[in-house]
Amino acid sequence: MGISCKQAVDYISKKEEGKLSGNQRFQLWQHLAICKFCRSFSKQNKLLTSIFKKRPDTLPEESGTVDKQAIIKALEHAVGGSLN
Amino acid sequence: MDLVKKQHDVTGWVNEYSDALFNYCLQRTKDRDTANDLVQETFLSAWRAVDGYSGEASVKTWLFTILKNKIIDHYRKMSKRQTASLFNDADPFFDEGNHWRDGVCPKDWGSDAQDKVEAKEFYVVFDGCKSKLKEIQSAVFTMKYLDGLDSEEICKVLELTSSNYWVLIHRAKTQLRACLEMNWFTL
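So the sequences go chain by chain: A and B. Everything in the first sequence is counted per my numbering, starting at -8 for the first residue and increasing by one. Everything in the second sequence is counted per my numbering, starting at 21 for the first residue and increasing by one.
Hints in this document: simulated from the structure, not taken from any laboratory. Hints may be right or wrong, so weigh each one.
[What the hints assert, rightly or not] Sample of chain A residues with no beta-carbon within 12 Å of chain B, all distances over it, derived:
1) -4
2) 12
3) 13
4) 14
5) 16
6) 20
7) 24
8) 35
[Stated by the list, open to error] Okay, the calculated bits of chain A under chain B, using three or more residues with CB under 8 Å as the criterion:
9) 0 to 10
10) 55 to 68
Computed from a predicted structure; not experimentally measured. Using N, Cα and C, we set each Cβ at its ideal position, and we do this for glycine too.
Generate coordinates for the entire structure from the input sequences, incorporating the hints supplied.
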């Protein structure tokens, strides 16, 4: 009796961290050989994880700015005096 | 440190670094309000700790360290709240026999999937999909795939059991995949 699709998806994530035993790797391979949905999932997962690795740490500056005066005001309030 | 200089410095840091901190934070929290609050708290902590700041690390690095700790505290708080409720919900993608449910089976994304992820607009759709996750799922996903931490580190930081962690990753991935498929890859 092979593994289920849900288990296969779980194994795919664990495999990324090298957390599958030899037997589990074989079971996953066996499942992917017969299940086109999980094969698609596996392929898509690889594509997505490879692209995330390339993503920069912070969003570009133009994606959001902060209300600096509000921060300064909150600081003034908290420390009980003018910061200027 | 002399108070006037301290005030001058911290105000300067707000002007110089708050946008960078905000954008880093925005990618890791659910909404702008939370990101705003965490950035504000970062400067407040910086103000309180400025006398102990050794000047060894750059100011920017130091502020980012404070912010990262704030984000982790925030994650921990909601991790306790959200993890419990998550396990009561039925898995939306798998049936009782643990096979893909009808209608949500992964579809073929076509031969141009690689080009599609490299398009600039992809991240707009991706961020939209990620914002639909529960915050704890999104946090786990971000730490794993954007920050490159492994499961042990994430469990330790968020005080999660290993089995809860794998369920969170599983749910986050299946949900994101389905959302991206519908809104980007099979448009």
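Hint-by-hint comparison with the structure:
1. -4: 5 Å, violated
2. 12: 15 Å, holds
3. 13: Check passes; 20 Å lies beyond 12 Å.
4. 14: 18 Å, holds
5. 16: 17 Å, holds
6. 20: Holds, because the least Cβ-Cβ distance between residue 20 of chain A and chain B comes to about 18 Å, which exceeds 12 Å.
7. 24: Residue 24 of chain A clear of chain B: closest Cβ-Cβ about 16 Å, beyond 12 Å.
8. 35: 6 Å, violated
9. 0 to 10: Result for this restraint: holds, n = 6.
10. 55 to 68: holds (count 10)
Going down the numbered hints, you'll see the structure goes against 1 and 8, while the others check out.
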